[in-house]
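Asker: Work the whole structure out from these sequences, hints included.
2 protein chains.
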Amino acid sequence: MVDVDGGARGGRFLASICGGGPLYGTGVELEPIGTMRTCFPEKFGIPRQSGLVPLARGVLRFADTQPAAVWRDALRGLEGFSHAWVTFVFHEAVAEGWKALVRPPRLGGKEKMGVWATRSPHRPNFLGLSLLEIEAVDGEMPAIRFRGVDLLDGTPVVDLRPYHPEHDFPRGATRDGWIAGAPEPAAAVAWSEAALRDLPGAVTRTPVGMPGYAEAEARSLVEALVALDPRPAHQRGQSGEWAMRLLGFDVKIRMEGARATVVALT
Amino acid sequence: MVDVDGGARGGRFLASICGGGPLYGTGVELEPIGTMRTCFPEKFGIPRQSGLVPLARGVLRFADTQPAAVWRDALRGLEGFSHAWVTFVFHEAVAEGWKALVRPPRLGGKEKMGVWATRSPHRPNFLGLSLLEIEAVDGEMPAIRFRGVDLLDGTPVVDLRPYHPEHDFPRGATRDGWIAGAPEPAAAVAWSEAALRDLPGAVTRTPVGMPGYAEAEARSLVEALVALDPRPAHQRGQSGEWAMRLLGFDVKIRMEGARATVVALT
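Chains as they are written, first to last, in numbering that gives the first Met the number 0: chain A, 0 to 265; chain B, 0 to 265.
There could be a bad hint or two in this list.
It does not matter which identical chain is used: a pair holds within one copy or between any two.
[As the list claims (entries may be wrong)] Below are the SDA-like pairs computed for lysine to any residue, each with C-alpha atoms no more than 25 Å apart in a straight line:
| # | residue 1 | residue 2 |
| --- | --- | --- |
| 1 | 111 | 164 |
| 2 | 251 | 44 |
| 3 | 109 | 234 |
| 4 | 42 | 235 |
| 5 | 42 | 137 |
| 6 | 111 | 192 |
If you are wondering where the hints come from, they were derived from the structure by calculation, not from laboratory data. Since the structure is predicted, the reported quantities are computational estimates derived from the model, not experimental observations.
Answerer: This is the structure:
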């Protein structure tokens, strides 16, 4: 149902799916407005917050639940903004359920916090929220290219709004709870000769639809991700080898203390 | 299903409600984690963004879908933060549907913008997002008292996370699109003698469960709300009288140009 304003009557109501009757909940079933393709085909190695790695790219393509013309209208004016809040579903967490108490990686996985004091994916309603930089709005597709993403490839996106500098910022001082005393881990990154030789071939294996990377960009991306120390919280400080899937290749890293070497791209 | 960590297997799945079969959407039906009682029983006069009126109070009470002990665990550590992002459902917009193009009040209701470039309630999935100041976390109820709310009384809340000063802020300069050239309206506020006499009686009529206000606080709240010029965008600049419902009383205001008089509290 598209009305004269180019709008659409929306939201799918459980009553109409299930045949009516009183229902708990809000009556709103989340329907993706689109899917985000990102450089991260697997969870391991994704930055723990948005904005940490500007070169981490994502492309939001809108769903075919609406004609492209409706999405094009819905985008009007967004190109004037540099940043947007993207609300998405932690779709890989849904089947696992949620927990009231979680162990934040920043606390080394040792201490428990309430889920409302964290950004754990295992939360009621499984909603995620990321502040992303808008690289470009493609009115033709339509699609939006983002930078600084921390989303798994294929993430369903359910809402989008511009960053509002007057209102999206606390007035007065903030208190930052447990995160204030828990710095992000960091690692120094070196490359092996072999990994540098692997780079040109690895970049060409990017699956169709994923964001594209030039060779130098892919090198910077790998470096920035490894510098965040992707080791699971409980393995932090351990020496050994880890592999992170990125675009169409595996990044093999060897870690000793806070020093990382990119060993190979396979 | 509460597990040993005090967590709960969560999310209601359409498959289990509807008897299975493939479904569109995310399979996540939004279930309220609680309901926000606020000082705003009606839409008219609610500040257009969170944080504009610090004295605008809200109390989030958690739903009885989980034992109080589970919600208490889920809150652990939140008391250390000064601000939280609250995700909610624009429940009064759901039945009206959404539109791809909207007329933002800040543009005087004359110009159309795409819904993704705005915070219109009439958006796909009907999700709202407000940055609110945490006044107190009440572990006993459990409940959370907020300041600076812009939510209708009775709003279903679906997610909650602390404001994170390192990541919830754009790195580098921002571009602020159409809002940059569209300042918020403002009005100068005076009180009639009659309205001042009405104040003590009006405050005592606050319905049970709504946030409480001392007389002086209620006076400051009324003043701050009227100063935002609550007139609908297309009536801005018109002279006349408007009434705004607040707590348990009506605020009657007369406006001439950008000057407002609080005429009576009835």
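Asker: Hint by hint, note whether the structure agrees.
Answerer: Hint-by-hint comparison with the structure:
1. In this homomeric assembly, residue 111 and residue 164 come within 25 Å of each other (Cα to Cα) only across copies, at 21 Å, whereas the closest approach inside a single copy is 33 Å.
2. Taking the shortest Cα distances, residue 251 and residue 44 sit within 25 Å of each other inside one copy (11 Å), while across copies they are farther apart (57 Å).
3. With identical chains, the CA atoms of residue 109 and residue 234 are at most 25 Å apart within one copy only, with a shortest distance of 11 Å there and 57 Å across copies.
4. Proximity of residue 42 and residue 235 under a CA criterion of 25 Å is satisfied intra-copy only: 17 Å inside one chain copy versus 50 Å between copies.
5. In this assembly of identical chains, the alpha carbons of residue 42 and residue 137 never lie at most 25 Å apart, being 27 Å within a copy and 35 Å across copies at closest.
6. With identical chains, the CA atoms of residue 111 and residue 192 are never at most 25 Å apart, being 42 Å at best within one copy and 56 Å at best between copies.
Of the numbered hints given earlier, the model fails hints 5 and 6; all others are met.
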